[in-house]
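Student: Read top to bottom, the protein sequences are chains A and B.
Residue numbering for the first sequence follows our numbering, starting at 1 and increasing by one per position.
Residue numbering for the second sequence follows our numbering, starting at 1 and increasing by one per position.
I should point out that these hints are in silico values taken from the structure, not numbers from a laboratory.
What you are looking at is a predicted structure, and each value in this text was computed from that prediction instead of being measured.
Glycine residues also receive a C-beta, built at the ideal position from the N, C-alpha and C atoms.
Keep in mind that a hint or two might mislead.
What the hints assert, rightly or not - Some chain A residues well away from chain B (every beta-carbon gap over 12 Å; in silico): (1) Met-1; (2) Val-48; (3) Gly-170; (4) Thr-223.
Stated by the list, open to error - Restricting the straight-line Cα-Cα distance to at most 30 Å, the calculated cross-link-like pairs of lysine-lysine (DSSO-like) are: (5) B:Lys-262 <-> A:Lys-84; (6) B:Lys-262 <-> A:Lys-282; (7) B:Lys-6 <-> A:Lys-282; (8) B:Lys-6 <-> A:Lys-28; (9) A:Lys-282 <-> A:Lys-84; (10) A:Lys-28 <-> A:Lys-282; (11) A:Lys-84 <-> A:Lys-28.
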Amino acid sequence: MAAFALRRLGALLVVLFFLTITVFVLGKVGDADPVRTYIGVNATPAQVAAARVELGLDDPVPVQFWHFATGLVTGDLGISLSTKRPIADDLSTALPATLELAGAAIVLTVIIGVLLSALYSRPGRVGAALRLVFFSLASAPTFLIAMVSVLVFYRWAGGLLPAAGRSSYGPYPDGTGFYVLDGLLHGSPQYAWDAVRHLVLPALAASIGAGVALARVLADGMTSAMASPWARTARSLGEREGTILRRHALRNASSPGLSLLAVQAGFMVSSLVVIEQVFSWKGLGSYLSTAIGVGDFTVIATVCLVLGTVYVVLNTVTDIVLAAVDPRIRLS
Amino acid sequence: MPFSRKATLERRTADLAATGDEPAATSPKDGAWAGMGRAERAALIAGSLVVLAALVGPALSPYSVIIPSGAPLLAPGSAGHLFGTDALGMDLGTRLLAGMQRSLGAALAVTLVAAVLGSFIGVVAGFFGGVLDTVLMRVTDLFLAFPATIIAMALAAALGQSLGSAIVGITVVWWPLYARLVRGEVRRVATLPHVLAARVSGVRGWRLLARHVVPAVTPTIAVTASLDIGAVIMTLAALSFIGLGTPAPAPELGRMASDGMKYFLNSWWVAVLPSLAIGLLAFLFNYAGDALRAALRRTGV
Numbered sequence: 001m002a003a004f005a006l007r008r009l010g011a012l013l014v015v016l017f018f019l020t021i022t023v024f025v026l027g028k029v030g031d032a033d034p035v036r037t038y039i040g041v042n043a044t045p046a047q048v049a050a051a052r053v054e055l056g057l058d059d060p061v062p063v064q065f066w067h068f069a070t071g072l073v074t075g076d077l078g079i080s081l082s083t084k085r086p087i088a089d090d091l092s093t094a095l096p097a098t099l100e101l102a103g104a105a106i107v108l109t110v111i112i113g114v115l116l117s118a119l120y121s122r123p124g125r126v127g128a129a130l131r132l133v134f135f136s137l138a139s140a141p142t143f144l145i146a147m148v149s150v151l152v153f154y155r156w157a158g159g160l161l162p163a164a165g166r167s168s169y170g171p172y173p174d175g176t177g178f179y180v181l182d183g184l185l186h187g188s189p190q191y192a193w194d195a196v197r198h199l200v201l202p203a204l205a206a207s208i209g210a211g212v213a214l215a216r217v218l219a220d221g222m223t224s225a226m227a228s229p230w231a232r233t234a235r236s237l238g239e240r241e242g243t244i245l246r247r248h249a250l251r252n253a254s255s256p257g258l259s260l261l262a263v264q265a266g267f268m269v270s271s272l273v274v275i276e277q278v279f280s281w282k283g284l285g286s287y288l289s290t291a292i293g294v295g296d297f298t299v300i301a302t303v304c305l306v307l308g309t310v311y312v313v314l315n316t317v318t319d320i321v322l323a324a325v326d327p328r329i330r331l332s
Numbered sequence: 001m002p003f004s005r006k007a008t009l010e011r012r013t014a015d016l017a018a019t020g021d022e023p024a025a026t027s028p029k030d031g032a033w034a035g036m037g038r039a040e041r042a043a044l045i046a047g048s049l050v051v052l053a054a055l056v057g058p059a060l061s062p063y064s065v066i067i068p069s070g071a072p073l074l075a076p077g078s079a080g081h082l083f084g085t086d087a088l089g090m091d092l093g094t095r096l097l098a099g100m101q102r103s104l105g106a107a108l109a110v111t112l113v114a115a116v117l118g119s120f121i122g123v124v125a126g127f128f129g130g131v132l133d134t135v136l137m138r139v140t141d142l143f144l145a146f147p148a149t150i151i152a153m154a155l156a157a158a159l160g161q162s163l164g165s166a167i168v169g170i171t172v173v174w175w176p177l178y179a180r181l182v183r184g185e186v187r188r189v190a191t192l193p194h195v196l197a198a199r200v201s202g203v204r205g206w207r208l209l210a211r212h213v214v215p216a217v218t219p220t221i222a223v224t225a226s227l228d229i230g231a232v233i234m235t236l237a238a239l240s241f242i243g244l245g246t247p248a249p250a251p252e253l254g255r256m257a258s259d260g261m262k263y264f265l266n267s268w269w270v271a272v273l274p275s276l277a278i279g280l281l282a283f284l285f286n287y288a289g290d291a292l293r294a295a296l297r298r299t300g301v
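Put together the whole structure using the sequences plus the hints.
Tutor: Written as structure tokens, this is what we have:
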């Protein structure tokens, strides 16, 4: 087990290294001119030359990569070309926002998946209709689900749930950036509750498709586990259905569920980019789409790198957890 | 049933493991149709009609795709504008059809190029083996470990905002799926009797590959590609939505949806209808793909 975990961690480092190179190279080969984004289109040639030196663009490319990579390690991520603000500062508010939303979305995914899995294997016409609805939900673009939830729960329900931003009060100046946590730390249940209410719609929009997919896998897994020979053996030995379900079937059915959750969590990283835009959620996604709009490639590269790192680390952790749950994976 | 690159890969790997030693040597079409239920056939027919409407609709429509033809923000059902008009007074129905046409074309382009490129790499790696195989598969696995959508976003952003950039960006992350699958298939096919027979008769190298191995893996590639289109459509739409597509007035559904966000609290249709059009396309392709898969499993083709 330890050897497997070490091997996966080694692979993680390799992937992260190449991810860094890829993102860096993209910034070099693209047709976005960093100098123009930095000082505008009306700059004189002298200003352009000065800016090139200031941005380090006249250094040889390997030297530039060295600065980029060492900056990543030391936390100096450079400055945004369009706002001239340090990217690290922007990330320190955007990253907690995205992680808070992602955490809420993953919790909701599991809840939705478990709840709907009971409906999934229903027989007859009702079951078939439900499966068709679930299938449509999984095929719907995330922004469609986001828009419809805003229309239903905000516009048509008279502001039942907030549809934009993270809080009605603004951040605590010395807070962690996780608003729900901040509210609890400062002993203000009202603040925390308000943050939770702001989380509901975006998290729901991010988790419906994933939850439905999880429901299908869980339902399939449970059905086949309960129909398996060892379940029959347990039944013939007089075990109760509930005991078989909890003691035997759950463990067997959870492995595909977990691996699907990993796929979904990775997918969620990118769908959050879309969802944040719909809900004006000031996280990495909004930061990224703003940067795309103005062609600010230092920000685009850094955000893609951060999101990519989250994705890769998530995958590694799930692989290791899966191997701990299911010994067959370690051996294959 | 998530729809993404990784999901397609996992699904097809499971399928291929389940079908065992029988190569899908014949065209799956007739067998698949016989194996489908009524709902699945209905979905296929509906899908064909939608595709047909997207292909010929913009040309038949009395309105231009990019010239305003009525008052702005007319609600759906208004006289002359069945699906209403957008913020500039352009006919939304015409633009939806044109947008679906663009989405379809782009998704087909991505799938086709990714399938051909990836399959080529997979065939070479699987057939020739050795160091070449190791190197190619290490690169493939590296690309598979990358987050597909995010790298596609970074690449498309580097190339500038246009549909072409998005197509390139997604293709670059999509081919490894085919390389992985096809390599496994080639290695399996290489041990089949007809290939061994050809080998014994003295057929070697590229000739063996082209005449005996590639034809045996082609159906697998075709089926995978047809299952994959829905996921590509959804990824393209996401890129377009966050601004990595051709800006207005080009009829691009993702862009239309995100531009429509400004008005959608009072005029929901300008943002919701383009999103629904994407959802409809994705649903039809995903559903037809799922039906095809189930039918192939039942008929054992």
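Student: Each hint should be assessed against the structure and marked as holding or not.
Tutor: Hints versus structure:
The beta carbon of A:Met-1 is kept farther than 12 Å from every beta carbon of chain B, the shortest such distance being approximately 21 Å. No beta-carbon of chain B is positioned within 12 Å of the beta-carbon of A:Val-48; the least distance is around 20 Å. Every CB of chain B is more than 12 Å from the CB of A:Gly-170 (nearest about 23 Å), matching its label as outside the interface. For A:Thr-223, the non-interface assignment is confirmed: its Cβ lies about 15 Å from the closest Cβ of chain B, beyond the 12 Å cut-off.
The suggested pairing of B:Lys-262 with A:Lys-84 holds, with an alpha-carbon distance near 27 Å, which does not exceed 30 Å. Distance hint between B:Lys-262 and A:Lys-282 is fulfilled; the C-alpha atoms sit about 17 Å from each other, no more than 30 Å. Distance hint between B:Lys-6 and A:Lys-282 is fulfilled; the C-alpha atoms sit about 28 Å from each other, no more than 30 Å. Taken as a hint, the B:Lys-6 and A:Lys-28 pair is honoured in the structure, with Cα atoms around 28 Å apart against an allowance of 30 Å.
At most 30 Å may separate the alpha-carbon atoms for a hinted pair to count; A:Lys-282 and A:Lys-84 meet this at roughly 18 Å. For the suggested pair A:Lys-28 and A:Lys-282, the alpha carbons sit about 28 Å apart, so the restraint of at most 30 Å is met. At most 30 Å may separate the alpha-carbon atoms for a hinted pair to count; A:Lys-84 and A:Lys-28 meet this at roughly 20 Å.
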